[in-house]
Amino acid sequence: MGEEVKVFGYWASPYSYRAELALKLKGVSYEYINEDIFGNKSDLLLKYNPVHKKVPILLHNGKSIVESVVILEYIEETWKHNLYLPQDPYDKATARFWIKFIDEKCFPTLWLAAWSPENEREKVTNEACEYMKTLESALNGKKFFGGETIGMVDIVASSVGYFIRVTQEIMGLNLLSADKFPQLFQWSEDFANCSIVKESLPPRDKLLPFVKGLIAKYQQDNAKA
Amino acid sequence: MGDEDVVLLDFWPSPFGMRVRIALAEKEIKYEYKEEDLRNKSDLLLKMNPVHKKIPVLIYNGKPVCESLIQVQYIDEILPHKSPLLPTDPYQRAIARFWGDFVDNKIYDLGRKLWTTKGEEQEAAKKEFIECLKLLEGELGNKAYFGGENLGYVDVVLVPFYSWFYAYEKCGNFSIETECPKLIAWAKRCMEKDTVSKSLPDQDKIYDFVLHLKKVFGIE
Numbered sequence: 033m034g035e036e037v038k039v040f041g042y043w044a045s046p047y048s049y050r051a052e053l054a055l056k057l058k059g060v061s062y063e064y065i066n067e068d069i070f071g072n073k074s075d076l077l078l079k080y081n082p083v084h085k086k087v088p089i090l091l092h093n094g095k096s097i098v099e100s101v102v103i104l105e106y107i108e109e110t111w112k113h114n115l116y117l118p119q120d121p122y123d124k125a126t127a128r129f130w131i132k133f134i135d136e137k138c139f140p141t142l143w144l145a146a147w148s149p150e151n152e153r154e155k156v157t158n159e160a161c162e163y164m165k166t167l168e169s170a171l172n173g174k175k176f177f178g179g180e181t182i183g184m185v186d187i188v189a190s191s192v193g194y195f196i197r198v199t200q201e202i203m204g205l206n207l208l209s210a211d212k213f214p215q216l217f218q219w220s221e222d223f224a225n226c227s228i229v230k231e232s233l234p235p236r237d238k239l240l241p242f243v244k245g246l247i248a249k250y251q252q253d254n255a256k257a
Numbered sequence: 160m161g162d163e164d165v166v167l168l169d170f171w172p173s174p175f176g177m178r179v180r181i182a183l184a185e186k187e188i189k190y191e192y193k194e195e196d197l198r199n200k201s202d203l204l205l206k207m208n209p210v211h212k213k214i215p216v217l218i219y220n221g222k223p224v225c226e227s228l229i230q231v232q233y234i235d236e237i238l239p240h241k242s243p244l245l246p247t248d249p250y251q252r253a254i255a256r257f258w259g260d261f262v263d264n265k266i267y268d269l270g271r272k273l274w275t276t277k278g279e280e281q282e283a284a285k286k287e288f289i290e291c292l293k294l295l296e297g298e299l300g301n302k303a304y305f306g307g308e309n310l311g312y313v314d315v316v317l318v319p320f321y322s323w324f325y326a327y328e329k330c331g332n333f334s335i336e337t338e339c340p341k342l343i344a345w346a347k348r349c350m351e352k353d354t355v356s357k358s359l360p361d362q363d364k365i366y367d368f369v370l371h372l373k374k375v376f377g378i379e
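Respectively, the protein sequence lines represent chains H and D. Each residue of the first sequence is one higher than the last, beginning at 33 in my numbering. Each residue of the second sequence is one higher than the last, beginning at 160 in my numbering.
The reader is advised that the hints may include incorrect statements.
[What the hints assert, rightly or not] Which residues of chain D face chain H? A partial, calculated answer using Cβ under 10 angstroms:
(1) Y190
(2) Y192
(3) L197
(4) N199
(5) S201
(6) P209
(7) E226
(8) P249
[Claimed, not checked] The calculated label-pair distances, taken between Cβ atoms and stated as ranges, are:
(9) D:G377 - H:K212: 38 to 48 angstroms
(10) D:H211 - H:K174: 14 to 24 angstroms
(11) H:L115 - D:F170: 52 to 62 angstroms
(12) H:D135 - D:G377: 27 to 37 angstroms
Keep in mind that the hints were calculated from the coordinates and are not lab data. Quick caveat, the model's predicted, so the values are computed rather than measured. All C-beta atoms in this analysis are idealised placements derived from N, C-alpha and C, irrespective of residue type, glycine included.
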């Protein structure tokens, strides 16, 4: 079709992963550019996302779209096949609710639980468990949040289903366990086993040392503060 | 469209609630407004928003929709041809959503700091608040509204904070109009519309409310 589609991302970022997965689900070819976000951000990154200076950035025929959830909505509205949002406005509103819940509550607390100092960890962990229980209720017996197939909530929940699971391994935590959250655990297994999901997930053996380093950095910065 | 049963659980000073009021007014959707006492939340609120227990909650034919940005998009989608709030082009929609998120992530928290903090912390919040408003002015450009010639999504998301500006200015000891005249001109333009002016409380009332809150929370 002669379209130019590029994703500026970071290989370990759960947010840029979302953009890539969405494009793969739509069968859209794109060029991936890895940004050195911890070192030198490129001029292009600063040009295409001047307000937040972050990844992911989707570039479509020269136009830049930023913020992972905004990107997901854009991809859905531009490539109108293999839809991953419900058509019904109420169901769509429900999906958007869970997406916001994951991004504002689940994911941040789970990450916090991973690196919090000992004395704060229990409180944060309890909070994270409450959020996981609530998120699990959104599954409501379905295979995926989107029903029989992966939907936008699943794409966003990959942050919890994959990235947090890896983080927990490193920290020896067992928050997302099969006995505590059987449905959510099963979902994360089913999700990670989809071939299209696996294609662009950062490999565990690379991710483990990276997250270890990131946790150490957070703990160090927190101790200094 | 027949008589739908629409209820809005709200709290009069909430800028989030105001967004929904404006959207409903723009679409000429009749609804029942229910004022919540946030220190004594109703059973209906707890039942309709069990996850967050917050207002606003839009109850449409018995089914709840929560979170103001989601509610505004929902209202826009059920009556897409009447006073459309989001544009039809996906890229323009992405831009609108970006700025809606920007307002949501920045303005409320910074505004809150303006009346709950003092000294260095307040000065820092003031500086960042003005910077954010200037970025928004840049996005507005020469348009009458963020939505172009008519009120759009970003206008609905941002204008409620105008009712809080006087309180911010008094507490922060600064003039928003001096720093961001274009934005104030835009806000006044929005207020010329009934759908906006009837959805926002008086700035004086908000200031009185803030003074009351400062007393209650023991903030000087």
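Cross-check of the supplied hints:
1. Hint on Y190 (chain D) is violated. Least Cβ distance to chain H is approximately 16 angstroms, over the 10 angstroms limit.
2. For Y192 (chain D), the shortest C-beta to C-beta distance to chain H is roughly 20 angstroms, which exceeds 10 angstroms, and the interface hint is violated.
3. Against a cut-off of 10 angstroms between C-beta atoms, the interface hint on L197 (chain D) is violated, since the closest Cβ of chain H lies about 20 angstroms away.
4. A cut of 10 angstroms between beta carbons decides the hint on N199 (chain D): the least distance to chain H is about 23 angstroms, and the hint is violated.
5. A distance limit of 10 angstroms between C-beta atoms decides the matter here; for S201 (chain D) the minimum to chain H is near 20 angstroms, and the interface restraint is violated.
6. At about 9 angstroms, the closest approach between the beta carbon of P209 (chain D) and any beta carbon in chain H falls short of 10 angstroms, and the interface hint on this residue holds.
7. Interface hint status for E226 (chain D): upheld, as the beta-carbon distance to the closest one in chain H is roughly 6 angstroms, under 10 angstroms.
8. The closest approach between the C-beta of P249 (chain D) and any C-beta of chain H is roughly 4 angstroms, which is under the 10 angstroms cut-off, so the hint is satisfied.
9. Distance hint for G377 (chain D) and K212 (chain H): a CB-CB separation of about 40 angstroms, consistent with the stated range 38 to 48 angstroms.
10. Taken as a hint, the range 14 to 24 angstroms holds for the pair H211 (chain D) and K174 (chain H), whose Cβ atoms sit roughly 22 angstroms apart.
11. Separated by about 36 angstroms at the C-beta atoms, L115 (chain H) and F170 (chain D) break the suggested range of 52 to 62 angstroms.
12. The beta-carbon spacing between D135 (chain H) and G377 (chain D), approximately 33 angstroms, falls within the hinted interval of 27 to 37 angstroms.
The structure fails hints 1, 2, 3, 4, 5 and 11 (numbered hints given earlier, in ascending order).
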